[in-house]
Structures are given as structure tokens and as C-alpha cells.
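S.K.: Here full-length UniProt numbering is used: position 14 in the sequence shown is 14, and no number is missing along the way.
A couple of the hints might just be wrong.
Claimed, not checked - Cβ pair distances, simulated, as ranges:
no., residue 1, residue 2, range
1, Asn8, Asp31, 31 to 39 Å
2, Trp9, Ala61, 24 to 32 Å
3, Ser15, Lys52, 40 to 48 Å
4, Gly48, Ala18, 25 to 33 Å
5, His59, Trp9, 37 to 45 Å
6, Ile12, Glu49, 18 to 26 Å
7, Ala18, Ile55, 24 to 32 Å
8, Lys62, Leu25, 34 to 42 Å
9, Ile55, Ile21, 39 to 47 Å
10, Ser37, Phe16, 28 to 36 Å
11, Thr40, Phe16, 28 to 36 Å
12, Leu7, Ala61, 42 to 50 Å
13, Leu47, Lys20, 35 to 43 Å
14, Lys52, Glu19, 40 to 48 Å
Unchecked claim - As a list, the in silico DSBU-like pairs of lysine-lysine whose alpha-carbon atoms are at most 30 Å apart:
no., residue 1, residue 2
15, Lys32, Lys22
16, Lys32, Lys46
17, Lys46, Lys22
18, Lys46, Lys58
19, Lys46, Lys29
20, Lys62, Lys46
21, Lys32, Lys62
22, Lys46, Lys28
23, Lys22, Lys62
24, Lys20, Lys62
25, Lys28, Lys62
26, Lys57, Lys20
27, Lys28, Lys57
28, Lys46, Lys57
29, Lys29, Lys53
30, Lys52, Lys62
31, Lys29, Lys52
Hint data in this document are derived by calculation from the structure and do not stem from the laboratory.
The C-beta atom is built at its ideal place from N, Cα and C for all residues, glycine as well.
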Amino acid sequence: MDTLTELNWSEITRSFLAEKIKRALLLKKLDKMLENSQLTEQDCLKLGEIAKKSIFKKHLAKSW
């Protein structure tokens, strides 16, 4: 770390912690919203695969 003295480690740490807190709060909010959900983990994985394939087809059609 002696070679990187020009970096503001306090600001880097503050920014990192702010992002971690923001993510934790979002996950807590999502848990609260979905606490009564009937979806199983398998259902979610299946929906994710369907969405992924759909996005791939869309990008393929645009020649990405």
C-alpha cells in the first residue's frame, strides 16, 4: 500500500461500505416484499432460463 499513497483510502472504504449497506437494505426490502410468495426456487430458475433465452434471441436478431 506504500506505492499507492495517492489513493484516498478513506473515501474508497466509505464508498464501498455505502454500496454494501445499500445492497443489504435492498435485499431486506425484497425479502419483505416476497415473504408470502408461492414461487419455489425451481420456479424462479425456470423463469430465469426463459428470460435469458428470450434476451439472447432478441440480441441475436439485432446481430449483436
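S.K.: None of the hints should be skipped; say for each whether it holds.
M.R.: Quick rundown of the hints versus the structure:
1. Asn8 <-> Asp31: 31 to 39 Å: holds (34 Å)
2. Trp9 <-> Ala61: 24 to 32 Å: Taking Cβ atoms as reference, Trp9 and Ala61 lie about 47 Å apart, which means the hint is violated.
3. Ser15 <-> Lys52: 40 to 48 Å: violated (31 Å)
4. Gly48 <-> Ala18: 25 to 33 Å: holds (29 Å)
5. His59 <-> Trp9: 37 to 45 Å: holds (40 Å)
6. Ile12 <-> Glu49: 18 to 26 Å: violated (37 Å)
7. Ala18 <-> Ile55: 24 to 32 Å: holds (30 Å)
8. Lys62 <-> Leu25: 34 to 42 Å: Hint holds: Cβ distance 35 Å, inside 34 to 42 Å.
9. Ile55 <-> Ile21: 39 to 47 Å: The hint (39 to 47 Å, Cβ to Cβ) is violated, given that Ile55 and Ile21 are roughly 30 Å apart.
10. Ser37 <-> Phe16: 28 to 36 Å: holds (31 Å)
11. Thr40 <-> Phe16: 28 to 36 Å: Holds, since Thr40 and Phe16 (Cβ atoms, about 34 Å apart) stay within the stated range.
12. Leu7 <-> Ala61: 42 to 50 Å: Holds, since Leu7 and Ala61 (Cβ atoms, about 44 Å apart) stay within the stated range.
13. Leu47 <-> Lys20: 35 to 43 Å: The hint (35 to 43 Å, Cβ to Cβ) is violated, given that Leu47 and Lys20 are roughly 28 Å apart.
14. Lys52 <-> Glu19: 40 to 48 Å: Distance hint for Lys52, Glu19 is violated at roughly 26 Å.
15. Lys32 <-> Lys22: The hint holds at about 15 Å.
16. Lys32 <-> Lys46: holds (23 Å)
17. Lys46 <-> Lys22: holds (28 Å)
18. Lys46 <-> Lys58: holds (19 Å)
19. Lys46 <-> Lys29: holds (23 Å)
20. Lys62 <-> Lys46: Judged against 30 Å, a Cα distance of about 25 Å means the pair holds.
21. Lys32 <-> Lys62: Measuring from Cα to Cα gives roughly 38 Å; hence the hint is violated.
22. Lys46 <-> Lys28: holds (24 Å)
23. Lys22 <-> Lys62: Given that 30 Å is the threshold and the Cα spacing comes to 35 Å, the pair is violated.
24. Lys20 <-> Lys62: violated (36 Å)
25. Lys28 <-> Lys62: violated (37 Å)
26. Lys57 <-> Lys20: violated (34 Å)
27. Lys28 <-> Lys57: violated (33 Å)
28. Lys46 <-> Lys57: holds (17 Å)
29. Lys29 <-> Lys53: With Cα atoms ~28 Å apart, Lys29 and Lys53 stay inside 30 Å; holds.
30. Lys52 <-> Lys62: Holds, at about 16 Å.
31. Lys29 <-> Lys52: This hinted pair holds, its Cα atoms lying about 25 Å apart.
This entry does not satisfy hints 2, 3, 6, 9, 13, 14, 21, 23, 24, 25, 26, 27, going by the numbered hints stated previously.
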